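Trainee: Chain order of the listed sequences is W, D and F.
Going left to right, the first sequence walks through residues 1 to 166 as the working numbering numbers them.
Going left to right, the second sequence walks through residues 1 to 392 as the working numbering numbers them.
Going left to right, the third sequence walks through residues 1 to 191 as the working numbering numbers them.
Among these hints, one or two may not hold up.
Which chain D residues face chain W? A few, computed with CB under 10 Å, are given here [to be verified]: (1) Q35; (2) H36; (3) Y89; (4) G143; (5) S146; (6) E156; (7) W181; (8) D186; (9) L203; (10) K205; (11) K252; (12) V253; (13) R299; (14) G312; (15) K313.
The calculated PhoX-like cross-link candidates involving lysine-lysine, where the alpha carbons are at most 25 Å apart (straight line), are [unchecked claim]: (16) D:K70 - F:K189; (17) D:K208 - D:K70; (18) W:K36 - D:K208; (19) F:K189 - W:K95.
Hints in this document: simulated from the structure, not taken from any laboratory.
Remember, it's a predicted structure, so these values are computed and weren't measured experimentally.
Even for Gly, the Cβ is constructed at its ideal location relative to N, Cα and C.
One-letter residues, chain by chain:
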Amino acid sequence: MRDERLTFFGYFRNIYTAVKSSLIGMWITFRYVWGKKPVTVEYPEVRDVLPDNTRSRLYNDALNCISCNMCAISCPVDCIYISSVPRPKDLDVPKCDDGTPKRQVLTQYVIDTALCCYCGLCTVVCPTECLTHTDDYEYSQYEVADMKYDYLSDDLIAWRDRLVKS
Amino acid sequence: MQTWDMDLEELKEEETNLPGTKLKTELLTVNMGPQHPATHGVLRVEIKTDSEIVAQAIPHIGYLHRCMEKHCEAIDYRGVIPFVDRLDYLAAMSQELTYSMAVEKMLGTEVPRRALVIRTIVSELQRIASHLMAFGTYALDLGAFSPFLYAFDEREKILTFFEEISGARLLYNYFWIGGVWNDITDRQLGYIDNFLNGFEKELVKYDKLVSSNRIFQERTMGVGTLSLADAHSFGATGPVLRGSGQAWDLRKVDPYLIYDELDFDIPIGEGQRGSELGDCYNRYIVRMLEMVESVKMIRQSMKLLEPGPVIGKVSKVIKVPKGETYTRTECPRGELGIHLVSMGDKTPYRLKVKSPCFTHTSILPHIAPGQMIADFVASIGSIDIVLGEVDR
Amino acid sequence: MYSELITSINSAVTNANATLVTPGEGEIGDSSVLINPESVLEVMKFLKPLYNALQVISGVDYTEYIEVCYFLAHFDPAAPKDVMIKTRLKDRVAPKLDSICSVYLAANWQERECYDMFGVSFNNHPDHRRILCPDDWEGWPLRKDYKVQEVYRGMKVNPENKMNRDDQLFEDNKQKGNEADLIAWALSKGL
């Protein structure tokens, strides 16, 4: 592209510089044949250990939830559906693990994981720290509707031992 | 090389029958994109070609339009940060920085010293990561595959660090209004130090492998030249403006964070290695030199790190007083500006993002005419656009 | 801060009517220069030697008027400066401004975006089309009174089955069912 008149020596100089710089590049590439550790992992067999504060799948420990709605308010994409009714007066008020009284009866806690943007704002505001990001990242589904997780269903409550970091 | 200054009206007049034959010549319209590996996303460029020469290029944008500015008018100030992340997903930290600086300016929040230093370190690391991506994909556009892998190897180390401090690999939500989310530990600082030592050697390797390669130079030198006057008139910023030869950098002329305490140079294009001022090679080399400067800056700011809090006092529900502001910072791709108008509510009244990529995409029709199609690909790569930011 | 600039604008351009806008009582932020919408082109021609780059054209809909803000900057490390020039358009039906594409090349796309989002049309614009929305989209999205169109090219915009309505569905079902049963069900899970 450069406008310069091609001379006889220039012609050979061009060939020389092109071959030389290519050889330098090929030498750099060739050195990767040995002495370099692979940077990838063979995924299904080997798994990377994710950091402690990694923001993957959300898990709500429903037994500790006080239905304060803070997570649903702070969610920028409105993917948390929570509803509750006041606890009848004739029943005693149970307490969470950290001693906060549960004045409401949680009747629905659904997170649409397909909408979730994994920003972590809901976990920060949670007063009892029952809503947490876990390091579980393998939960693909065949249909989008299946990405809605109902945290009051028995099978999800049973996940607690596996997912919640102590 | 033949210059191609005629505009389309003249070309239409030329579409006449060749004398003595029934043959005629006319321009061929080629759609490049929206799914094209060289357009870095969903950019569609309608190219009118005369054989292999581009006569006119019309970019069509909007394929990634997500109504972000409209959405932000209904979300509280903290919730906007994940949205701002998704503008330029390759340099999310820099976008967060601009937005949180705009809100802090309106609120009058004082950001603790340690948070400022961490912000500097992180945004410079983000600049390196973003430039590595630009370098790798640019080499890939021009037919060299291995630099892409080497660049990704180094970028991966930065992303691992970001993942440790913020919890996410790409869309961090790490810079909060008033400071940063998590503190950096000494072990992580040691990791950065380790990375920088290795990275300096890598930069030398990139220089040998790509920058001084004769084929790469032939593909980029003298291609897509943008004069300084045009760069000003188009409002170009960042590496595109500096590649045209002006040492304009907001970190120097209007320092924010702790940039006024750091010692660094502004690399500009000056026709290195026999290139033409303002061409693709200059824009490319400015990015490479900026990475060297970023390494210097991170080293200096790591020494300035003192113990202390990382987040200032911000009320639980953020209500910004009535008023408006225009805040701009130097992002990897240029100057990002946030025009924030508040009516004293919990949500922004108007949030306008001035994205550098939008401005730079508008340069394409100007530099395209007269280029070969393959050189046009080189031009798109050299201005380094991210379509998430163009379309918002 | 901008007083010298304002006097020079007023003396150079008749009927520019430039005034300083500062944050009022209890307000905060940057001050700016307000000019007459008819004189935009002349003012920009006058400002071009002083400010060599147009950064962005931003529109704001204040319901009683539409404000168009021009951010100008001078890219010179020796004397950096910037200014926000504003103009207010009272007409909401067909707001009109003079295009400044002949002065700043950057204005081309920025004005197209302003037209796309606020419906401000620019006289003498070389390529006056929408930029982010499709060409045949209706309405101006960033206006405060914007309503999304129902049908676009035979396709329903925001169809019912794609809307995020789970909360409402749950509430509806709850109304149908017995609340005492719901509480008993929840209590049986230990909630």
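Trainee: Of the numbered hints stated previously, which ones are contradicted by the structure, given in increasing order?
Mentor: 1, 2, 3, 4, 8, 9, 11, 12, 13, 14, 15, 16 and 17
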